[in-house]
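Participant: Sequence:
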Amino acid sequence: MAFEAFRQRIGSIIGGFDAAQAHRRLRGFRASRAHVNTLIAASGDTITARARWLVRNNGYAANAVESFASNVVGDGIKPSSTIADAAKKEELQALWLAWTDDADAEGLTDFYGLQRRAAREVFLSGEVFIRIRPRRAEDGLTVPLQLQMLPAEMLPLDMNRTLPGAGLIRQGIEFDGIGRRVAYHFLRRHPGDLTDPGLAGETVRVLAADVIHVLDPVEAGQLRGVSRFAAAIVKLFTLDLYDDAELERKKIAAMFAMFITSPAPETPLEPTEEDLEVEPGQVVRLDPGEDVSTPATPDSGGTYEPFQYRTLLQIAAALGVPYGYLTGDTAKGNFSNTRISLIEFRRRISAWQHGVLVYQLCRAVWVSWMDTAVLSGALDLPGYDRQRRQYQACAWLPTKWDWIDPMKDASAEILQIEAGLKSRTQALAERGYDAEQVDREIAAERKREAALGLDFRRPGSPAQGPGEGGKANEDPDAERDAPEEADEKPEPKEGA
1 MAFEAFRQRI GSIIGGFDAA QAHRRLRGFR ASRAHVNTLI AASGDTITAR ARWLVRNNGY
61 AANAVESFAS NVVGDGIKPS STIADAAKKE ELQALWLAWT DDADAEGLTD FYGLQRRAAR
121 EVFLSGEVFI RIRPRRAEDG LTVPLQLQML PAEMLPLDMN RTLPGAGLIR QGIEFDGIGR
181 RVAYHFLRRH PGDLTDPGLA GETVRVLAAD VIHVLDPVEA GQLRGVSRFA AAIVKLFTLD
241 LYDDAELERK KIAAMFAMFI TSPAPETPLE PTEEDLEVEP GQVVRLDPGE DVSTPATPDS
301 GGTYEPFQYR TLLQIAAALG VPYGYLTGDT AKGNFSNTRI SLIEFRRRIS AWQHGVLVYQ
361 LCRAVWVSWM DTAVLSGALD LPGYDRQRRQ YQACAWLPTK WDWIDPMKDA SAEILQIEAG
421 LKSRTQALAE RGYDAEQVDR EIAAERKREA ALGLDFRRPG SPAQGPGEGG KANEDPDAER
481 DAPEEADEKP EPKEGA
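Take the sequence shown: its position 33, counting from 1, is numbered 33 in the numbering used here, and each next residue is one higher.
Treat the hints loosely; a few may be bogus.
What the hints assert, rightly or not - With a cut-off of at most 20 Å between alpha-carbon atoms, the simulated DMTMM-like pairs for lysine to aspartate or glutamate come out as follows:
#1 Lys88 - Glu449
#2 Lys89 - Asp439
#3 Lys89 - Glu305
To be verified - Across the chosen pairs, the derived CB separations fall in these ranges:
#4 Ala451 - Lys408: 32 to 38 Å
#5 Thr38 - Gly355: 54 to 60 Å
#6 Gln387 - Ala166: 46 to 52 Å
The hints are simulated quantities; they were obtained by calculation from the structure and are not laboratory data. Beta carbons: idealized from backbone N, C-alpha and C, even for Gly.
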C-alpha cells in the first residue's frame, strides 16, 4: 500500500496519462489488476446465471440472443468438399447430408440445429462443450458418430489442483507439463438440475480429443468463456425495474375514477358507505354538500421515451447487436443508416463465423466424422491414410444474407460477374451453395427441359447461350420455310 501511494504521488508530479491519475474525478475508479481467469473463477457462475435469467424473463435479452444465433448460423454453415473426383465428392456430400439428421445424441435436432444451439450458448454463457460420442455399428447410424452438447455449468470453475508429475487441473481443464489440454473433468449431472437425484457432485474425466470447447476469448491466456451479457446485465435489469415501476404507477393511477368529498359526519366513528361503482352513461345523484373530483393521473413525462432509447442504445452496443435487432423497433432509422449498421454487424458476424464456429466446431466435427466414416466402411476413399489432409479439405459456406431490395442486390451481382469482378463460384459460395453441385443441377434441368420441349430462360438473360436470342421455343425450320422478302416493291396493278 505504501508503494502504491508513493507511485501515485510520483505519477501526479510527473503527469503523463490523465487516465492513470488519482485526482478527484477518478477517485472511485479502482480497476482490478487480476487476470481474466481469476475474475471468471470468482464471478463467472453468477454472470451466467443472471444472463440465463434475463433471457428467460426479459424480452430484449431473449430477442438479442435469438438474433445473434440466427444471423450466425441461418439455415446452417455447410461444408463443400474440395475432392477433385466428382463422383467421390458427390458420394461424400450425400453421406454427410444423411448423417446430419443423426448427429444430435439427444435426437432433438440435426447438425445445423446444433450449430445454432452452440452459437446461442456461447452468446449466453461465453462457451459450450461438444462431446464426440462414437457409437456401435448395431446402432444403425449412417456413420457411427454422434455429438452431445454440454453447457458451461457442467465443467466446474472451482476445480483447481496439482497432479502427480508435471500436470495440473485449472478450472476443470487438465493440462500436461507443456500446457497442452489433456482432458476435461465434467460433472455427471448439471449442478442446478434437481430432477436428477443421483450422481450429484460426481465428475468424469473425458479426453480432450473427444471434446470440442467452443469459446470466443477476449484476453490472452483465457481458459473459460465470459457471457456476452456481462457488459449489459446491470442496465438490462435496472431498465426492467424502471419499466415495472412505470407500469405499476400507471396501473395504480388507473384504479381511481373519481373522488367524492362529503361534509364531516356528525358521528366521526360512523361507518362509511360502500364504494360507488361507476358505469358508462351512469347518472349519479349526490347528497347535499357532496362534491366530485377526478384524479389528475400523472403521465410518464417527455423524458421517458428518450431515456429508454438512449439506454437501449447502450445495451445494444454492449451486446454487439443493432438497435433494431434488439428491440424490433424499425421506426428509429432510415434505410441508409440502417444499412450501415447492418453492414458493420454482418462483418462482425462473418468474423465470428469463420474465426470461432467454423474453426473450433465445424472443422473438428468434419475431421472426426470423416475418420469414422472411413474406418467404419461407410465411405471408401482410396489411400486415405496417406492423403488424409487432401481428402479432408473443404470450404464452409454460411447462409447468404438478403437485403431489403433483393432485385437490386441480384442485379449488382450479375453486373459484377459480367464485368469479371467476381466469379459464379464465388457468388454461389456467398449464397451458401456449392458451384459444382449447382452446375450439375442446372445441366440436368436443361436436359429435362429439352426432352420435354420446355425452356424457362428469360430472353436476354445470362443463362441464354450465344446466338439464342430467346428463340429456343420457336420452330427451327420456320425461318427456312418462310418466303423471302422482295428487294423491290411490287409493281401496282392496272386501274389501281
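Participant: Does each hint hold? Answer for all of them.
Facilitator: Going through the hints against the structure:
1. Proximity of Lys88 to Glu449 is assessed by CA-CA distance (about 27 Å); at most 20 Å being required, the pair is judged violated.
2. Only pairs whose Cα atoms come within 20 Å are accepted, and Lys89 paired with Asp439 is accepted, the gap being roughly 14 Å.
3. Simply put, Lys89 and Glu305 have alpha-carbon atoms about 57 Å apart, too far for the 20 Å limit, and the pair is violated.
4. In this structure the supplied range 32 to 38 Å holds for Ala451 paired with Lys408, their Cβ-Cβ distance being about 36 Å.
5. Between Thr38 and Gly355 the beta carbons are some 26 Å apart, a value that contradicts the proposed interval 54 to 60 Å.
6. Separation of Gln387 from Ala166 is about 36 Å and departs from the stated range, judged on CB atoms against 46 to 52 Å.
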